[in-house]
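Read top to bottom, the protein sequences are chains A and B.
Reminder that position 71 of the first sequence reads as 71 in the numbering used here, one-by-one numbering, no gaps.
Reminder that position 39 of the second sequence reads as 1039 in the numbering used here, one-by-one numbering, no gaps.
Just so you know, these hints were derived from the structure itself, not from any lab.
Do not take every clue at face value.
Calculated lysine-lysine pairs in the DSSO-like style (CA-CA distance at most 27 Å, straight line) [claimed, not checked]:
#	chain 1	residue 1	chain 2	residue 2
1	B	Lys1019	B	Lys1036
2	B	Lys1019	B	Lys1040
3	B	Lys1036	A	Lys70
4	B	Lys1022	B	Lys1040
5	B	Lys1040	A	Lys26
6	A	Lys69	B	Lys1040
7	A	Lys70	B	Lys1041
8	B	Lys1019	A	Lys26
9	B	Lys1041	A	Lys69
10	B	Lys1036	B	Lys1018
11	A	Lys56	A	Lys26
Over the 10 Å line for every Cβ pair with chain B, so calculated as not near, a few chain A residues [unchecked claim]:
#	residue
12	Asp7
13	Arg50
14	Lys56
C-beta atoms are modelled at their ideal positions from N, C-alpha and C, and glycine is treated no differently.
Listed below are the residues making up each chain.
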Amino acid sequence: SQQGEEDPQALSIQEGENATMNCSYKTSINNLQWYRQNSGRGLVHLILIRSNEREKHSGRLRVTLDTSKKSSSLLITASRAADTASYFCASHDQTGANNLFFGTGTRLTVIP
Amino acid sequence: ETGVTQTPRHLVMGMTNKKSLKCEQHLGHNAMYWYKQSAKKPLELMFVYSLEERVENNSVPSRFSPECPNSSHLFLHLHTLQPEDSALYLCASSPYQRGGGYGYTFGSGTRLTVV
Chain A
1 SQQGEEDPQA
11 LSIQEGENAT
21 MNCSYKTSIN
31 NLQWYRQNSG
41 RGLVHLILIR
51 SNEREKHSGR
61 LRVTLDTSKK
71 SSSLLITASR
81 AADTASYFCA
91 SHDQTGANNL
101 FFGTGTRLTV
111 IP
Chain B
1001 ETGVTQTPRH
1011 LVMGMTNKKS
1021 LKCEQHLGHN
1031 AMYWYKQSAK
1041 KPLELMFVYS
1051 LEERVENNSV
1061 PSRFSPECPN
1071 SSHLFLHLHT
1081 LQPEDSALYL
1091 CASSPYQRGG
1101 GYGYTFGSGT
1111 RLTVV
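In isolation and in its complexed conformation, chain A is listed as follows:
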């Protein structure tokens, strides 16, 4: 299975602090993506990093990718209460199929 695994499973921080979530995956990938899910809702695509990239930024988000360690991290800077959600990493493998496999998610709580 290509499913990733996020760490930690749950994270609670104060508003204004930075939040870091990690993701490990099993096989070689073409790209890795991060998604956000508010409780009971659909997932929202945040950012995509390709296998030949090492770091990518989008607003307060910073994503890194280390293909040698098969791992990625998502950093949210200057967190806000509205960032409270579950965050998932997901990846396409290199088989050529267009299927995206998700990890188990990190539940982030930002305390006002």
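Fit chain B to the supplied structure of chain A, relying on the hints for placement.
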């Protein structure tokens, strides 16, 4: 709204009922997906339609039957479900590219309860 619309938002059905979930996208995407999200489990990819070809996950029970009449619409037909099938069912769409390369756009999901 994301551009992917799922109906109904909530569904309660008995084990002997037949119902259908509907998904519609207006993004011009040519790949659509059904995912199942159960508590404390990773999202499970159920079915994929890419370029109007169906890629079926063989582990999905036959009581779930997908239908994709065109690139904008996707259905999931349900019959004789079990209580353990209760979950959030998510539809997603994306442009098709071999090996991936695009983010998925998800609908808000249908919360299914089987009684």
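- Message: Between the alpha carbons of B:Lys1019 and B:Lys1040, is the straight-line distance 27 Å or under?
- Response: 26 Å, holds
- Item | Satisfaction of hint between B:Lys1018 and B:Lys1036, Cα-Cα up to 27 Å | 18 Å, holds
- Query: Is B:Lys1022 close enough to B:Lys1040, meaning Cα to Cα at most 27 Å?
  - Reply: Holds - the C-alpha atoms of B:Lys1040 and B:Lys1022 are around 25 Å apart, at most 27 Å.
- Message: Check the hint pairing A:Lys69 with B:Lys1040 against an upper bound of 27 Å on the C-alpha distance.
- Response: 26 Å, holds
- A:Lys56 paired with A:Lys26 [C-alpha distance capped at 27 Å]: Holds. A:Lys56 to A:Lys26 sits at ~21 Å (cutoff 27 Å).
- Task: Could you let me know if the closest chain B CB is still more than 10 Å away from the CB of A:Asp7?
- Result: About 14 Å separates A:Asp7 from the closest Cβ of chain B, which puts it past 10 Å; holds.
- Query: Is the hinted pair A:Lys70 and B:Lys1041 satisfied, with a Cα-Cα distance of at most 27 Å?
  - Reply: 21 Å, holds
- Is B:Lys1041 close enough to A:Lys69, meaning Cα to Cα at most 27 Å? 24 Å, holds
- Does B:Lys1019 pair with B:Lys1036 here, judged by a C-alpha cut-off of 27 Å? The hint holds at about 16 Å.
- Message: Next pair to validate is B:Lys1036 with A:Lys70; report whether the Cα-Cα distance is within 27 Å.
- Response: Cα-Cα ~26 Å, so holds.
- Query: Does A:Lys56 really sit off the interface, with its C-beta more than 10 Å from all C-beta atoms of chain B?
  - Reply: 13 Å, holds
- Task: Given the hint that B:Lys1019 pairs with A:Lys26, test it: the Cα-Cα distance must not exceed 27 Å.
- Result: 37 Å, violated
In the structure shown, a violation is registered for the earlier hints numbered 8 and 13, in ascending order.
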